[in-house]
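8 protein chains.
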Amino acid sequence: MSEQSLDGHPDVTFDRNRGNRIGIEEAVLCQYKSAAQISAILRDALTEGRRLLMTRLMDDQHAALPEDLRGVLDYCAVSRTGILGPLPAVAVSPRIALASAGTSDAGPMAEALRTLSYGGMAATEISDVGVAGLWRLLAREGELREMDVVIVFAGMDAALPSVVGGLVPGVVIGVPTSVGYGVATGGRVALESMLASCAPGVTVVNIDNGYGAATSALRIVNMMRRMQPEK
Amino acid sequence: MSEQSLDGHPDVTFDRNRGNRIGIEEAVLCQYKSAAQISAILRDALTEGRRLLMTRLMDDQHAALPEDLRGVLDYCAVSRTGILGPLPAVAVSPRIALASAGTSDAGPMAEALRTLSYGGMAATEISDVGVAGLWRLLAREGELREMDVVIVFAGMDAALPSVVGGLVPGVVIGVPTSVGYGVATGGRVALESMLASCAPGVTVVNIDNGYGAATSALRIVNMMRRMQPEK
Amino acid sequence: MSEQSLDGHPDVTFDRNRGNRIGIEEAVLCQYKSAAQISAILRDALTEGRRLLMTRLMDDQHAALPEDLRGVLDYCAVSRTGILGPLPAVAVSPRIALASAGTSDAGPMAEALRTLSYGGMAATEISDVGVAGLWRLLAREGELREMDVVIVFAGMDAALPSVVGGLVPGVVIGVPTSVGYGVATGGRVALESMLASCAPGVTVVNIDNGYGAATSALRIVNMMRRMQPEK
Amino acid sequence: MSEQSLDGHPDVTFDRNRGNRIGIEEAVLCQYKSAAQISAILRDALTEGRRLLMTRLMDDQHAALPEDLRGVLDYCAVSRTGILGPLPAVAVSPRIALASAGTSDAGPMAEALRTLSYGGMAATEISDVGVAGLWRLLAREGELREMDVVIVFAGMDAALPSVVGGLVPGVVIGVPTSVGYGVATGGRVALESMLASCAPGVTVVNIDNGYGAATSALRIVNMMRRMQPEK
Amino acid sequence: MSEQSLDGHPDVTFDRNRGNRIGIEEAVLCQYKSAAQISAILRDALTEGRRLLMTRLMDDQHAALPEDLRGVLDYCAVSRTGILGPLPAVAVSPRIALASAGTSDAGPMAEALRTLSYGGMAATEISDVGVAGLWRLLAREGELREMDVVIVFAGMDAALPSVVGGLVPGVVIGVPTSVGYGVATGGRVALESMLASCAPGVTVVNIDNGYGAATSALRIVNMMRRMQPEK
Amino acid sequence: MSEQSLDGHPDVTFDRNRGNRIGIEEAVLCQYKSAAQISAILRDALTEGRRLLMTRLMDDQHAALPEDLRGVLDYCAVSRTGILGPLPAVAVSPRIALASAGTSDAGPMAEALRTLSYGGMAATEISDVGVAGLWRLLAREGELREMDVVIVFAGMDAALPSVVGGLVPGVVIGVPTSVGYGVATGGRVALESMLASCAPGVTVVNIDNGYGAATSALRIVNMMRRMQPEK
Amino acid sequence: MSEQSLDGHPDVTFDRNRGNRIGIEEAVLCQYKSAAQISAILRDALTEGRRLLMTRLMDDQHAALPEDLRGVLDYCAVSRTGILGPLPAVAVSPRIALASAGTSDAGPMAEALRTLSYGGMAATEISDVGVAGLWRLLAREGELREMDVVIVFAGMDAALPSVVGGLVPGVVIGVPTSVGYGVATGGRVALESMLASCAPGVTVVNIDNGYGAATSALRIVNMMRRMQPEK
Amino acid sequence: MSEQSLDGHPDVTFDRNRGNRIGIEEAVLCQYKSAAQISAILRDALTEGRRLLMTRLMDDQHAALPEDLRGVLDYCAVSRTGILGPLPAVAVSPRIALASAGTSDAGPMAEALRTLSYGGMAATEISDVGVAGLWRLLAREGELREMDVVIVFAGMDAALPSVVGGLVPGVVIGVPTSVGYGVATGGRVALESMLASCAPGVTVVNIDNGYGAATSALRIVNMMRRMQPEK
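Residue numbers (this note's numbering), protein chains in the order written: chain A, 1 to 231; chain B, 232 to 462; chain C, 463 to 693; chain D, 694 to 924; chain E, 925 to 1155; chain F, 1156 to 1386; chain G, 1387 to 1617; chain H, 1618 to 1848.
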């Protein structure tokens, strides 16, 4: 805040040990940070040779970063994420699916996909299978039933997780999206609809929080692997 | 309000001509009326020999009516409706279905059924076909597709109208019910979920308003019959 | 989302059979889609020779489309709709009216009109007949009473559907509009006012959802025609 | 709160001079007071020979008062008001009307009537003239147009004030009532609908606040009389 | 909406007789109208030689009007009002005051002032007398007590109307303003605070609705004058 | 609803195959069902020899059941659950913990415990470790870090899941409880606080939904076991 | 929850060290606890010879306690508090005032008074000085200006803290109360009005939270005393 | 509003005596003021040689000021504050800390810091110590326990004040910040979470109101100093 704090950024207290502690490294939520703050955080990671995942890094925030930082940051506008450093090889087991009700849900779905990649996991994408055209979902039922974790993205009335939750045995996590107008503006109806789902065992994260759903999946992956004998 | 108005009930201004004007007679919403007011309205109808449909007539309100009035009023506690006077013969065409997501939706569904009976229409009941067990609905798909009007009752996340709306060509009217807890308490999530339905052409009425859905169906019936040549 | 999915758009799962199934073809809600997604959907339809209705296609989204697509798309800025392909001949029976409380309701009313046209139906427009100047509505009462379906557009306090619902025997569908300021900002008061209407049998759609009201009318039209003997 | 304060009630600081200052004496809102507090206030007024108007005095609160106080208090259960002391002779000019949409609005309407009586004014009651049966209101139009002040009581969608406001030149004050269910529970839709009224110059008070509307009318009466030359 | 309706504006149904009927001419709420619609309304009035008051005419809407219309329209950016035609001579009796809690309330206060001018009334402005510096209000107490109508403008916690309502005998109308941040964003706290005012007889209009408060004052003026003998 | 449907309960369409399909049998949400409906469901299960879990079975609903049904139903008033039929042997691996912020959270925690028992899983209870006395939680940190799934129950400000989520590597599921007053009444603050948690990968269920959290844990258990080789 | 946990209450984890740590002992919020839980907590404290403050202990909860516990617990129904063990001598410096807008605010004010007594502090009560009768407050202005801390209790529109905050130099803490009806039901308007106060440096606690305001005052007292040299 | 009032600004009624009366000078909330109004206020202060603190002075408002005024105003974009005139020497006793959950809370924290500086107080900044990485806070525990006042800034779920309130004996004031998305958009969850804090004696100000928290701290400082003997 003072000259000193913006230059020397003592106002950032990075949780460097989080990866060891809970198996998930700290990510940086950028939406409410200034370009100066984001730059300082990036340079700090570069200096220390740490990887970094940035979420909700908006187009204009990204554009305001110094060119050298933009050069080393792998930025994805659809998911509004930036990744610094190498991605690990991705594993396909346990099996994770990302299912969306409509193509408008692409942003949060991409955020989840990128977060999983950063965490070393692949995922199967099953897009645009909203329940108004039920055959689209039923055509993928067999595939979905094989999944260990299904993350479901839906806005509007968010009926999809209830139907999926009744069809598949795997873990089902709902991500309400801010897709909708009128009463559905901002995604609150989708959120509350998912929370009130009549299907058992569907859990929910904040609106558009693809990152949160993916990190929850990573917690499950970590626990599942702990169960597994060495190969 | 004055002595006179409570005794002589000049404060009731009954819309006697409504049936002729719009094809639907005025019903009496009882929930906020005193027993004295309800009694006065009933006696007035008895004197004039008019039929009467009373909605949201609560158990304790009904119990507080004079015994002679209780004797002539056909009361149904599930639907909280009272009917004075004879019911017409019921027609089965156009075809109307009432579909509910769960047995907890029985109250508003019964209100709709009684309103339709009062208006001379029968309806097919398809209960407890919520989408978490999708096969229950799909087993009735053929039957539902034959209907002219499908009134769908659902609380909680109210995913049912979206699925029904995508399956059937008939008119679909959603009745959100006040079934649910937590975020779903009171039925607002069900209401907004229906309003945000991704299925085209689903219209909605107030929470628990089985009467409203049924009268809308009666308007449709009236219009459909106008289309029809005499038989 | 991946390179492949944006180019080859496997993330779009179009419900091609919807027209046959429910009598209403799938429309595309564009508001939350990228220009790339909208373009892909349009090209897909062009390739297959399908007609297409796009709703909530904003000015800037339309402007961002490639010139060749803009050339073949019939775009209307007032209704924010785009139509690809030929319009069918329109029928005037059953009779549908669109009535608005004020000229500010023009957008959703135009959306309904365009959706009806796309579905082969004409409609009578009765604009600016809000109840504060009651004579405006009463002057059109006779005409309105002849209608099979009346779609009523109103923002602010949305008193119009209650008055219309008490005057006409036809089907009445309310479209709350986001016209208003202060407590009425966004249209929620209009919506809830319509849901709480004291007139019997008024159903409601989401705020500004002219498309939804029109498709509900088309469902009614389809049912009415099924009733009718061949001519 | 202390022994002393509950017995000797120094915790009541009555605004004895309000009548002189603003032309309206302080009334006592009883709903959240204990029987002990209400009794102390009544005895205080009796000792000093002051008149008193008590509002929102609930049945059970009234029943819990000592018998001697119940004996001297003129209690009205419909309006939930208690009046201590004599009522003044009532004047019929300026002319005030109380118009309600339905008989369920009787409580707040009675509260206004009793408050006006306490302030020395009569009022014309026009009950049950909601807009779904428009002829009921139009039949009284001439009478309403003669009024100086029209207080309109309505719950549900509260469309009545908009129609009245467009028909009459007098002052129009809306009292939303807590009559309604579903979205209309508690009266908030009625309140917001009135605030968003498309008729010019309609002002509004809190839900069920018949007292507030009546005291506003009394302020107008006071001002109108100040205008008038002595007779 | 059709070519014809935009050119020939049959979709505007002006309530020309409102002035005769209720003493207040119809004003035009511009916020949600297109420049084409506003222009058509203005030209229509010019052709017929009618005066016109336009409210919530935003800067960019005004700028989009054809130059000749801008030339004849008296536009005020602070109040966002446009007046077409001559202003009447203003009367100072009955006495009206406009009191604001802060200078940020200037917009709605100016809207009221312009509306009063359009209706032929002057008003005394008492600005920036919020209760946190109580002496500012008390210094004007004598003046305020002489007023027939006091319109109070306040945002944030809107404590001013309660204090004013307890000090003055005149009619008190509260205008909540959209001044505030955090919980006070948009003015809803100010609105509800005014509705819950502990001072008797304070009525309220919609947020920022200076026009509504002024037209209510004009209704009072009209009634007061009716009381008065000719001079 | 008809005589027949209440006696013969054809209005119940039990999802008998759910256990096979998704690994979790259908439970019966009782809160909104009549005693007659609940009895019919119980007798149906008895006849078929099926086990049954009933949730939100209120004290008065339970008391209203016929004595023979009460005799065979294992009812727990704290958790408001009823279990029909034998409980399976419980497994302690994977390890599940239930952690609560306060003793007031006992109800939903007991519902989760009973649901887990019904599904064959044990759980470790760690009660009353809210963050205002942080040492209580830190004293259990080691134990919590060994868990595969931690279900966290908290009302009021629900700060506990954020702290737990930052300390443990296991799956963290938050259950907001309806413990709180003022702004926290009903549990919405707790819910939204959990959804906005700054700890990564915390998912959430509906307010007081111990059943939902437990069934989500069972899905995880099922997936973890699928990973494991036979022993 | 288990037999054991209800009898032996291992599910209570009392924060015994809180008094030493932050100068305020843990109090027990009783509203959502069962009589069994409350009894266990009381017996635990009795056994250990600890004092205890219980808040929101409702009448029926108190009545359900075993007689011996009721005998040793100092219960106050107005404040809904129970105190176990001796009260310390009370200090009058620093000076604390409790000011209320109306007598209906007595409950939360008594809760604060009892909490202060439990913490060893006296307070001056200034009741019923709401701003609608401003002279009541101004008559106490001198006294209030001498206070170190003023806790202000107000429901409805809660205008009092803004006026007090502008008059006195001491610390001002607002306690919104759940006194009010219509929009003011539950106290949210009072809360938000206080949060939006135009007076500088007014802080706020939860609705009806007299305990919270008193403990905040105790923190201030503790800090002020730390400043003071020994006497 | 009139020509005169904009030039001569009689519509500003500055509370010049506030500093003497309550120890805190009036500050100017700029967000809703026009550049003309802000300029007039600044020139007025310059003319009179008064110091001035301006809050919520947005970038574009500052940029719109005349160059000479920009030249004399000490503007800080992070805190959106402007200071006119010299800053006093700052004192470090009593000890005040500003603690934030994340770097995104920098804006309101800077507003508090600037307000304290303007009032002659220094503060210790402890940034980015949110509870998801608990060690960050615990590392500063000793330091925080020495503070007389701790102002805590947090958005999202705002769990920090509950943890801090349970750790430190000093006065704790929470400032919810508008940092968050989805349910946390705008800061309301943070606000309500703080109000429902389970830690005793935490008071709260409006969202982002660093100014309010700082002025509350200044009131405490003033009272603490009054306690202190002269040195």
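Calculated from the structure, these hints are not laboratory results. Hints may be right or wrong, so weigh each one.
A short, non-exhaustive set of chain E residues, derived as facing chain D with CB atoms under 8 Å [to be verified]:
1. G943
2. I946
3. A1046
For each label pair, taking beta carbons as the anchor points, the in silico distance ranges come out as [unchecked claim]:
4. F/A1191 / D/P759: 45 to 51 Å
5. C/Y537 / F/Q1383: 55 to 61 Å
6. C/Q493 / B/G302: 56 to 62 Å
Ideal Cβ positions, reconstructed from N, Cα and C, are used throughout, including at glycine.
Tested hints:
{"no.": "1", "hint": "G943", "result": "10 Å, violated"}
{"no.": "2", "hint": "I946", "result": "5 Å, holds"}
{"no.": "3", "hint": "A1046", "result": "17 Å, violated"}
{"no.": "4", "hint": "F/A1191 / D/P759: 45 to 51 Å", "result": "47 Å, holds"}
{"no.": "5", "hint": "C/Y537 / F/Q1383: 55 to 61 Å", "result": "58 Å, holds"}
{"no.": "6", "hint": "C/Q493 / B/G302: 56 to 62 Å", "result": "59 Å, holds"}
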